[in-house]
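Chains as they are written, first to last, in the numbering used here: chain A, 58 to 380; chain B, 277 to 527; chain C, 800 to 1088.
For the record, the hints were derived by calculation from the structure and aren't laboratory data. Among the hints, erroneous ones may be present.
[Said to hold, decoys possible] Reference listing, derived: stretches of chain A covered by chain C, where coverage requires no fewer than 3 residues with Cβ under 8 Å from a Cβ of chain C:
| hint | stretch |
| --- | --- |
| 1 | 171-178 |
| 2 | 182-188 |
| 3 | 262-268 |
| 4 | 299-307 |
| 5 | 331-343 |
[As the list claims (entries may be wrong)] Examples of chain A residues lying across from chain B (beta carbon under 8 Å, computed):
| hint | residue |
| --- | --- |
| 6 | 71 |
| 7 | 83 |
| 8 | 195 |
| 9 | 198 |
| 10 | 199 |
| 11 | 241 |
| 12 | 243 |
| 13 | 244 |
| 14 | 250 |
| 15 | 253 |
| 16 | 256 |
| 17 | 257 |
Glycine residues also receive a C-beta, built at the ideal position from the N, C-alpha and C atoms.
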Amino acid sequence: MRRARVVAAIGHVLPWAIAVAYFFAAPADLDFGTQVVIWVLFAMSLDLALGYAGILTLGQAAFFGLGAYTAGLFAIHLSPDPLLGHLAAVGVTALFGTLTGAMILHTTGVTLLMLTLAIVSVLSQYANQATDLTGGDNGLQGIRLDPIFGVFEFNIFGRTAYFYALVVLFGWFVLAWRIVHSPFGRSLDGIRQNPHRMRAIGTPVWWRLLAIYTISAAMAGSAGAVSAHATRFVGLSVLDLLTSGTVTVALILGGTRRLYGGFIGATIYLVVQDYSAKISPFLWEFVVGGLLIATVLLLQGGLLDLGPAVLRLRDRWQAGQRK
Amino acid sequence: MSTAQALSVRGLAKRFGALVVAQEIDLDLAPGARVALIGPNGAGKTTFVNLLTGFLEPDGGRIELSGESLQGLRPEQRVRRGLVRTHQINQLLADNTARDNLAIAIAERDRHAWRLFRFGRQWGRCREEAQQRLEEMETAATADRRVLELPYGEQRLLEIAIALSLRPRVLLLDEPAAGVPSHETEVIHQALDRLPADIAILIIEHHMGVVFRFAREIVVLAQGRVLARGSPAAISADPRVRAVYLGKSPV
Amino acid sequence: MLSFGLTVLLDGVSYGMILFLISVGLTVTMGLMRVVNLAHGAFAMIGGYVAGYLTQRGWDFYLAVLAAAAVTAVIGAAAERTIYRPLYRKGELAQVLLTVGFVFVATGAVSEVFGAFPYPVVLPAYLTRPIDIGFREYPAYRLFQIASGAVIALVLWLLLDNSLYGARLRAAVDNPRMARAVGINVSLLFTGTFIIGCGLAGLGGALGAGILSLEPAYALKYVVLFLVVVIVGGEGSFEGSFVAAMALGIIDTLGKYFVAQAAPYLLYTAVFALLLWRPKGLVPPRSLA
C-alpha cells in the first residue's frame, strides 16, 4: 500500500518536474516545449468529454480553432492584453460549447459523431472563405501582444510563452483533477458506461453532459488562445479535421481516463512528428496512424497501460512457470 | 382520480404504426399494494413499464403519482418523485463494484452527484448506507467485487437494492428473477418478501409460483389491453385467462 | 435559363453518381456489419491514386479503372482480416479510433509515395472533348460518369433484387441471428460484401477524380460527405443512398453556382440541421431494400 502511494506521488510530481527542468535544459528549443504543453492541454480537454463522459466527438478542433482565432482577433482589433484576450477566447468557446452542446447532446453514436464533424467542418470552411477576417491561407499574422502583467514579454526566446502555457495547463489540470474525482465526475463515468441506468436513478444526464462539454470546450479554447499567443500566428490548420483527428489520436495513444494520458500522448505525437518531419514531411501521419491502430488493437488503455500490461504478462508467465 | 392512490393510470394508449401495444389501460396502485402484472409474451408488459417511467411517450391517457400528473416529465424526474423501476435485463455499471453502484445511486438521490468540489465525507456516508443496504439484502460479501464478476442472481439482487435505495413510493419490478438459475431464485423471492410494506409494488412476472406467493391482486394483460383483474383465486379460475395462456379458444 | 438549369442538373447528377458509387459500399457495410467505418474514403482515395498512376504510365483508361477497383478490393480484403475483424465486437469508440488510425496511415502513405499536390487521372482524348448536347456543349466525361454510374447502379440493384447473394444479404441486414440460424454464413457474407464495397469505392474514386480531386487530404476531407449520404439515406438502404447521393450532389452544385462563397459551409449547416431533425436519416434504417 505504501509503495503504491509513493509511486503515485512520484507519478504526480514527475511530469511537472520534467516540464520545469526542460525550461532550463533546452532553452533553445522552448518553442517545441510550448507546443507540447499546448497539445497536452488540448488532449486533456478531449479526455474530459470523450474519455470520461463518453461523448463521441471528432470536433474538438472547433473549440481549439475558435479559441485561437478569438484570441488573435482580439489582440489585433480590440486590445493587445494577452490575459484579456485569453479570457475572451475562453468565454467565446464556452458559449459556443454550450450552444452546440445543447443542440447535439441528446443524440448518440454515429449521429453525434457526424454532428460534431459537421460543426468543425462548418467552422473550417467558413474560416477558409472569410479571408478578410481570418487571413485565409496566409493566416492571422503579426499579432502583437503586451507583456503579461507589464513585465513578461512575448519574444523570440519564447520563455514567457513557455511558462505562460505551463501555468495555464497547471490551472486547468487542477480543475480537471477535482472534477474527475468528484461525485460529478463519478456520475459522468456512470453515464459513459450506461446512460440508461443513470437516468433510472434520477440523474439529469443531458445537463451533466452539457456541463462537461462546456468545460471541455473552454479548455480547448484556452489551449487555442495560448497557441495564438505563443506563436503570434493563427493558421487555418487550427480548425482542420486533421487537427481534430490528431488530438484524438494523441489522447488514445496516451490513454483515456487518466488525465496524464494526454501528457504522454501529446508528447509522443509531437516528438514523432518532429523526428519524422526531418526525414519526410508526411511520414508522421503514417507512423502515428500505425501506433494508433496498434494501441487500439493491443493496449486497451493506451500507452499508460503499457506498464500494467507488461506486469500482467509477467504475472501470467510466472504463474505458467510455476505449474 | 383519487389522490389516495400511489399510482393511478387511466386510458393509457400507445401504438407503433399499425401495431397497438397499449390500449385503454386503467390501473390503480394503493400505497402498500402488491399487484402482479401477467400476460403472454408480447402482451405489452415491459412497454407498459416504459410508458409509466417515461422512456416511451404515450399517445393518450393519464398517469398520476400520488395525485400529481406525470405528463411531460422525463424519466429522471419521475424517479425523483418516487416512481422507480428495475429492469428485466440488468442495467448495472459493470466496471464498478456492487457497493459503488449503490453508493452512486444514493449520491444521486441525496443530490450530491452534481457537486464538483465537496467529496470525501459525503461519499463516505453514501458508501456506509450502501454497505448497510447490501447487508439487508444479505449480499454484503460481494460488496467489493466488480459487478461483471458477480453471479447473475447477485446482480439481480443488486438491481433491486439500487431501486430500493432511491426510496420509491411506487416500485415497478420487471421480472426480478428473470435469467436467474433456479438454485438462486429463492434468495430473490425472499428479498421480495422483505420489501417495505408501505411501498406500492407492481411486479411483472411469468412464474406463477412467485405470483401467488407475492401478489394480492393480479392484472392480466393481453395484446395491450387489460383482459382481467382480481384476486389470485379469481384470476386462476377465470376461463378467459386460461384461454389466453393456453390458446384453447379465441379471445 | 433552361440551358443553365440543365447544366446544373447534369453537373449535380454526375457528382451524385460518384458519391453514390463510393458510398454504396459504406452504407451496406455500416448497415450490415454495424461498424462505423471512417476509413471508407481512404479506399476511394487508393482507387483514385492507382488509376492515376496507371493512366499516367500509358495504361488504357478502362483497364486502369478496373485495376484500381481490383487493387482496392484486395487491400480491402487485407484490411478486413487484420483491422476490421476485431472491430465487430468492440464498441463504436474503438471502431472510430481504429478507422481514423487507418485513415492516417493511408494519408501518410499516399503523401509519401505520390506527393502532396493534386494527382491527375489521365483520360482518353475522346472523353475530354466537349459534346454538343443540343443547347450547349458539355464535357463528355461528365456524361460518361453519369452513364457508367447508372449502369453500375442498375447492375447492383438487379444483383440485390434477383440473386441469391442479394437475398442473403438482405436477410443478414434485416436479422443477422435469424440469418445464421437459417444457415447463411454471415461472416463470409460480411467479408465478401466488404470487399465488394471497397472495390466499388475504389472504382468511384478512380472515375470521380475530376470531381473529387485526388490529394492526400482526400480520405479525411470527403469522409463527411460519404457519411452524410449513408446517414441521410439510412444505413443499409441501397435506394436511400442513391437518393441521398443525388440530392447531395445537386444541392451542393446548386450552392456552388448560386451562393459560391457560402456553399461549402451552407452544405454542412444543412446537414447539421437535417441530422437534428431526423437523427436516423430520412429513411429509417431497416433493411436493404
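Verification of the hints:
Only when three residues or more bring their CB closer than 8 Å to a CB of chain C does the claim for the stretch 171-178 of chain A stand; here the count is 6, and the claim holds. Interface restraint, the stretch 182-188 of chain A with chain C: holds (4 residues with C-beta to C-beta distance below 8 Å; minimum three). Only residues whose C-beta sits within less than 8 Å of a C-beta in chain C count toward coverage, and the stretch 262-268 of chain A has 0 of them, not enough to reach three; the restraint is violated. Closer than 8 Å: that is the beta-carbon criterion, and the stretch 299-307 of chain A has 4 residues meeting it against chain C, so the requirement of 3 holds.
Coverage of the stretch 331-343 of chain A by chain C holds [criterion: at least 3 residues with CB-CB distance below 8 Å; count 7]. Look at residue 71 of chain A: its Cβ only gets to about 25 Å from chain B, farther than 8 Å, so that hint breaks. Interface restraint check: residue 83 of chain A against chain B, minimum CB-CB distance 36 Å, threshold 8 Å, status violated. Annotation: interface hint on residue 195 of chain A violated; nearest CB of chain B at approximately 42 Å, more than 8 Å.
Look at residue 198 of chain A: its Cβ only gets to about 40 Å from chain B, farther than 8 Å, so that hint breaks. Of the supplied interface hints, the one on residue 199 of chain A is violated, with its beta-carbon coming no nearer than about 40 Å to a beta-carbon of chain B, more than 8 Å. Because the closest C-beta pair between residue 241 of chain A and chain B is about 5 Å apart, less than 8 Å, the hint holds. Restraint check, residue 243 of chain A versus chain B: the minimum CB separation of about 6 Å is within 8 Å; hint holds.
Checking residue 244 of chain A against chain B by beta carbon gives a least distance of about 4 Å; that is within 8 Å, so the hint holds. Checking residue 250 of chain A against chain B by beta carbon gives a least distance of about 5 Å; that is within 8 Å, so the hint holds. The criterion of a C-beta within 8 Å of any C-beta in chain B is met by residue 253 of chain A, whose closest approach is roughly 6 Å, and the hint holds. With its C-beta approaching chain B no nearer than about 5 Å, residue 256 of chain A sits inside the 8 Å limit, and its interface hint holds.
Taking 8 Å as the C-beta cut-off, the interface hint given for residue 257 of chain A holds, the closest approach to chain B being about 6 Å.
Hints 3, 6, 7, 8, 9, 10 from the list above are not met by this structure, while the remaining hints are.
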